[in-house]
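Undergrad: Hey, can you work out the whole structure from these sequences and the hints?
Sequence order for the protein chains is R and W. The number in the working numbering is simply the position in the first sequence, starting from 1, with 1 added. The number in the working numbering is simply the position in the second sequence, starting from 1, with 670 added.
A couple of the hints might just be wrong.
What the hints assert, rightly or not - For each label pair, taking beta carbons as the anchor points, the in silico distance ranges come out as:
#1 W/Ser958 to R/Val52: 35 to 43 Å
#2 R/Asp49 to W/Gly690: 51 to 59 Å
#3 W/Asp735 to R/Gln23: 20 to 28 Å
To be verified - Computed list of chain W residues with no C-beta within reach of chain R, every gap over 12 Å:
#4 Thr708
#5 Val738
#6 Ser753
#7 Gly757
#8 Pro768
#9 Gly784
#10 Val812
#11 Thr847
#12 Asn857
#13 Ile859
#14 Pro873
#15 Thr882
#16 Asp984
#17 Val993
Since the hints were derived computationally from the structure, they do not count as laboratory data. None of the values given here were measured: they were computed from a predicted structure. Note that CB positions come from ideal geometry on N, CA and C, so glycine has one too.
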Amino acid sequence: MIHSGDPGDTAWPTPEPRSVEQLCRIVWVRGEDNLRAICPCGAQLVHDDPVELMAWLYGHPDGHDPSGPRRPEPDPRMFVPSPVGVRG
Amino acid sequence: MAEGFARNQWYVAAYSDEIGEELLARTILGEAIVFYRTSAGEVVALSDNCVHRRFPLSEGRRVDDTIVCGYHGFIYEPSGVCSHIPGQTRIPRTARVPAYTVQEQDSFVWLWIGDSQLADTSKIPAAPWFDSDGWATIHDRVHLPARYGLLLDNLMDLSHEAFLHSTSIGSPEVAETPITTDVDDENQIVYVRRHMDDAECPPLYKKVTGITGRITRWQDIAYYPPAFYELHVRIAEQGHYPPEDGPDTDAFHVEIFNAMTPETETTTHHFWGLARDFAVDDKEFSASLLANNAAVIQEDVVALSRLEKHLALDLAGYQELSVNLDTGGLAARRLLRRQIEQTEFQEAHR
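TA: Here is the structure:
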């Protein structure tokens, strides 16, 4: 599957979907002004400034505590990105 | 904004159907290049500078698979080697022009700018919709008098649709719906996802889909630095989501691409197009879609060229402010900046 909105019968090569755990993720917390960054190491930080949040995210491992709150389960309705643009 | 160019990367240089027997001149990352297609169908890309007195080879003419320089008649083979100099038999060893590595894929001509030894075709972003059965496509190219970084910012933050394109593809939800940004460092991709529920159907979408009520509208961006961008769009009547299994027949799917190939430091070749999985045989519809989307792109051209002019004014003490909506754009700039730094490193250690 390219993503969950695609027709199922894709006729082109698609690599295995990449695990969410391998991605750096920044989620806009619904109903708030805050952003939540989730590092592949499991550490998370909530902040209202995307520039500072990104500096923290890519500063890994500085300030990253993987024993903190774990990554939330992804919403199954949401598209799990895969590197569709790079031929396997 | 990332300044400079990432070299040793692939860029869209042209559409496949732009390159034929005629010589095509195009400047890419400040390099003047001449393109043509050989009788065997291969695309040739050569430096557009005759080795003799630098006359543009694109001003010359094709003879069989060679180019004859229009100034003094030097003849160049598809490899870039000069095979004839009028009035003499000796061809100096240095009589050649650089030849570029090209690859045709998904109806694009991809050009490798940099050290051809490093060119790896597996790194070219795939856009299979543009060359697949079951999809109808339109595409165009505009000359943008603005740096490609401005177009990247524009595409990574689609909230501008609600304002700049309010009469065509914009609706308030595009600016109000939170986004999720994912960065795949290993494969060098930034994903930005905006899934809108119970959204207004913008005017152009009403015209295209026939939906008159509220919609579920998904925008899934994938950015492949330095200069390729895909937007996977799903539009359905409100409440219609993809089924667990089987084809998603209740929705309209549009696959949009944008290639923002730098021409110079402050000008860009903007290749854009879309593929759709509905009304695929309706050519009149395609023509209308092309005209309507071209009008949207033109709004961006006007805004970004105005911004480019504005950037030339020195504004002491100005500091850019980024907000939540910029998360995807910031992530994109970071990957691009890393590629530019990598170029600088490679060139310093050559």
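Undergrad: With reference to the structure, classify each hint as holding or not holding.
TA: Against the structure, the hints:
1. W/Ser958 to R/Val52: 35 to 43 Å: With Cβ atoms ~42 Å apart, the hint holds.
2. R/Asp49 to W/Gly690: 51 to 59 Å: Once the Cβ atoms are compared, 54 Å apart, the range 51 to 59 Å for W/Gly690 and R/Asp49 holds.
3. W/Asp735 to R/Gln23: 20 to 28 Å: Since W/Asp735 and R/Gln23 have Cβ atoms about 47 Å apart, the given range 20 to 28 Å is violated.
4. Thr708: 25 Å, holds
5. Val738: Its Cβ never comes within 12 Å of chain R, the nearest being 38 Å, so this holds.
6. Ser753: 36 Å, holds
7. Gly757: Holds: least Cβ distance 49 Å, greater than 12 Å.
8. Pro768: 27 Å, holds
9. Gly784: 19 Å, holds
10. Val812: Nearest chain R Cβ is 23 Å from W/Val812, so the label holds.
11. Thr847: 9 Å, violated
12. Asn857: Check fails; 4 Å does not lie beyond 12 Å.
13. Ile859: Given a closest Cβ separation of 6 Å, the condition is violated.
14. Pro873: 22 Å, holds
15. Thr882: Correct as stated: the minimum Cβ-Cβ distance to chain R is 21 Å, above 12 Å.
16. Asp984: The assertion about W/Asp984 holds, with a minimum of 23 Å to chain R.
17. Val993: Since the minimum Cβ distance to chain R is about 7 Å, W/Val993 lies within 12 Å and the statement is violated.
When each numbered hint is compared with the structure, violations occur for hints 3, 11, 12, 13 and 17.
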